[in-house]
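Chains as they are written, first to last, in my numbering: chain A, 1 to 317; chain B, 318 to 869.
Fair warning: there could be bad hints in the mix.
To be verified - Here are the simulated BS3-like pairs of lysine-lysine, each with C-alpha atoms no more than 30 angstroms apart in a straight line:
no. : chain 1 : residue 1 : chain 2 : residue 2
1   : A       : 160       : B       : 458
2   : A       : 160       : B       : 386
3   : B       : 386       : A       : 100
4   : A       : 160       : B       : 727
5   : B       : 848       : B       : 821
Unchecked claim - Facing chain A, from chain B, some residues (calculated, C-beta under 10 angstroms):
no. : residue
6   : 392
7   : 551
8   : 553
9   : 584
10  : 588
11  : 604
12  : 605
13  : 606
Said to hold, decoys possible - Stretch by stretch, here's where chain B covers chain A in the computed footprint (C-beta under 8 angstroms, at least three residues):
no. : stretch
14  : 17-23
15  : 73-84
16  : 88-95
17  : 150-156
18  : 204-212
Keep in mind that the hints were calculated from the coordinates and are not lab data. The beta-carbon is built from N, C-alpha and C at its ideal position, and this holds for glycine as well.
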Amino acid sequence: MRRYLAKRFASAIVTLWLLATIVFLIVNVLPGDVGRKILGPFAPKEEVAAFNQRLGTDRPLLEQYVTSIRRVFTLDFGTSYQSGRDVTEVIFPALGRSAKLALLAFIITIPLSIAAGIYAARRQDKLADRVIVNVGLATSALPEFVSAAVLATVFCVHWKIGYVFANPPDGTSIIGQIRYLLMPALAMVIAYFGYLARMTRAGVIGGLHADYTRTAAMKGLSRSAVMRHHILRNALAPTITVISVQVGYFFGGIIGVERVFNYAGLGSTMLAAAGARDIPVLQGAVLLVGIIFMLSTLLADLLISFLNPRVRLEGVR
Amino acid sequence: MVRGSVVGLSTALVGTVLAACGSSSPEAGGTTDTTTAAETGGSDTTAAGAAATEPVAITEPAPPAGGIKQGGTLRVASQKPGSPLDPVAMDNLGTYTVVTTSFEYLCGKGEGAALAPALAESWSPNADGSEWTFKLRSGVKWHDGTPFTSADVVATLDRLAEANLKAYIVAGAAKPTDDTTVTVKLNAADGQFPYQLSLYNPQSLITPAAYAVGTTLDKTPAGTGPFKLEKYDVAQGATFVANTDWWGGKPYLDKVEFLFSDDIATQMSGLQGGAADALVAFGIVGGEAIMASDQFVVESIRGAAHRQIWMNVREGNFADVRVRQAVALGIDRQALIDTILQGRGDLGNDHPIAPVYEYWDSAQPQRGRDVEAAKKLLADAGKTGLKITMHAPKLAEIPQLAEVIQTQLKDIGMDITLNIESTDTFYDRWCKVYDGTNEPAGCDGGEEFGIVDYGNRGTPDVYLVKAYSTGEWNSAHYNSEPFKAAVTAYQASLDTPGRAAAMKDIQAIATEDVPYVIPYFYNSLMAYSAKVSGIVASGLGHYELGKAGFVA
Chain A
1 MRRYLAKRFA SAIVTLWLLA TIVFLIVNVL PGDVGRKILG PFAPKEEVAA FNQRLGTDRP
61 LLEQYVTSIR RVFTLDFGTS YQSGRDVTEV IFPALGRSAK LALLAFIITI PLSIAAGIYA
121 ARRQDKLADR VIVNVGLATS ALPEFVSAAV LATVFCVHWK IGYVFANPPD GTSIIGQIRY
181 LLMPALAMVI AYFGYLARMT RAGVIGGLHA DYTRTAAMKG LSRSAVMRHH ILRNALAPTI
241 TVISVQVGYF FGGIIGVERV FNYAGLGSTM LAAAGARDIP VLQGAVLLVG IIFMLSTLLA
301 DLLISFLNPR VRLEGVR
Chain B
318 MVRGSVVGLS TALVGTVLAA CGSSSPEAGG TTDTTTAAET GGSDTTAAGA AATEPVAITE
378 PAPPAGGIKQ GGTLRVASQK PGSPLDPVAM DNLGTYTVVT TSFEYLCGKG EGAALAPALA
438 ESWSPNADGS EWTFKLRSGV KWHDGTPFTS ADVVATLDRL AEANLKAYIV AGAAKPTDDT
498 TVTVKLNAAD GQFPYQLSLY NPQSLITPAA YAVGTTLDKT PAGTGPFKLE KYDVAQGATF
558 VANTDWWGGK PYLDKVEFLF SDDIATQMSG LQGGAADALV AFGIVGGEAI MASDQFVVES
618 IRGAAHRQIW MNVREGNFAD VRVRQAVALG IDRQALIDTI LQGRGDLGND HPIAPVYEYW
678 DSAQPQRGRD VEAAKKLLAD AGKTGLKITM HAPKLAEIPQ LAEVIQTQLK DIGMDITLNI
738 ESTDTFYDRW CKVYDGTNEP AGCDGGEEFG IVDYGNRGTP DVYLVKAYST GEWNSAHYNS
798 EPFKAAVTAY QASLDTPGRA AAMKDIQAIA TEDVPYVIPY FYNSLMAYSA KVSGIVASGL
858 GHYELGKAGF VA
């Protein structure tokens, strides 16, 4: 196990380095220079030059690259070009907010979609199955910013039972915070419910027809025991893999939802930083999302091996 | 006299953070036309006739019949600050809104483009306008209770002398005569210098003597204004509490909360859904629902912000003045205002002098649409059926404006292809050379025909000098000695009649030579709940809330 973790850690370092390099390259192939972008097209050349000198963006690209990689590995992301604040002061509060929203979305999505998937599988080809599959297909075809906009318009603007500005004020109780975050979380639920439910359904159907299920039933186990101990253990592996990928996405990829509900999470922080070419913030936020991706896939691998001991972790003897 | 500055063109635009970047250039507000959406049209209040440099009475909206009640928290949806809250270096509307809630200017906003007393009670020039004396309000206190004195003004001007007011003053130019009097010696005479110390030069906020360059409001809260900063988080918002010692009297509101968003649609939804009580600014495009609802008061702030259709007069298709006049005659301005601005704008007459300026020559005949005359001019110039590409930025209502102009000019036989681009790409087409070294047409390398945006200014100097004279933004490459002489005469005038006399020539020459078609001056829009009263907005991000509150 230790060896496995060491290998995963080594590959994580390489992935982080690649991520940092890609962010650096992407930002530096964009046209225009940083000072011009931040000060605007009408700032005098001297001001732009002075600004670039202050930021270090006038130095040779290789030097900038080395500095930026060094920063990644010393976890010193530098100072935001735009706000002048320490990058960690910008991205960690955003991470906290994203975590809250992601958590609420997962708390709703995971049980709901797994339950729906099992229910549909057990009623394969019946009306309930068709409804769950088709509703799931329809909602997952809907981009999340569309469902977010619809929820905002209907529930927040028209019925006034949700919040368009989803950032809860300081001191809001947990219940109050859930009320603020419910609409953006629902937008995420709508987007991922169908996908997860169908994954679970397919896994459970496979499990229901498997030999080991028949054997277990013939041993006299109850239906629920067969489901819990045999079918779900096998059927949930792909669902868990999908969920682990979605963790990273829920943290950084739901830019549309965050924007519609004005939620100051990692996604909108990255978007704003990209627009302003605020490289330190962009790099810090992207790496943070990368780390979350890696941790969640590692967790998923561990969880799958726990659920199904036949699945051996690579490198574990 | 008007320095080479770095003003983003259309500072009053919603959704763009390209604002008056480190500008010392004057930017104007205007008269306010308040309507509830239930009314049609609404009534305009016209500009006060006072000379622009003379203080007039402070503009305060009429209180509601039932009065304003004490207390409450006003939640304002506003643009997220795009830069640190440094009064000297701030460069965008979102930052202006926050910083100007605590800090104040020497000269405040009066009727139209006029100034009103604020931290200065009065001001006057010497005989030639090279030195100005400001009489400060006495009894004003900083938020920490220390008295506001001339030393604070002198220290602020010394800081600005190295930054925003570099072209006007040097460090040491401002001297205190006593605790409440400051004299400022200018590098060159300027009859309208107080505009540089008003909201039209947003960075000229008066800060405490100890406020070094780079100090930010969130790190070092201070100010003389009606609200004190309590909490600031650029990702979410800012909270201010009432300054009960404000010189203007105890504010009605207990608290003001700004809810930041980069997305104007979210800000509008916030107002509509009740998450916010007011919206600092919004655009006609997308703002229809707010304008159509009787739950909100929509204020239409008249000003000098305009769209400019440039034509290269130096070479190419528009070198012949008849072609330019044909374009000007082919456009139906009233139709543009009615359809695109929904009536919220003033007619343009192909010069940048807006009706809100008190020296505007109202007697000048208005250019109307004359398709036949336009066709004849094109034919005479040998340009019948002229095929041309019009360049425009994807900004506010400009794409729609370009489309309607394309249709209107089809009637005079012009075949226009539109090239609408993102603002980043567009500004390269407009003017590639910014430094003005290639006089008289330094704005080189751009396209010959297109639409660009110009923001609100307190005086028209920036338009007259940069777009029409020296060439830094002169995308038409216009170079007219009579025009420059008239601009010089205008700038040398110390009073309104003198400026009006020069302005008559400026307007006439610009309309005749028509290097730029200026179809309209658009109003800036802001909205608030009908339960709120007393908000004064500049259309430049300033949101004065000292007299605002909830209707009793």
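Unsatisfied constraints (hint numbers, rising): 1, 3, 4, 5, 11, 12, 14, 18
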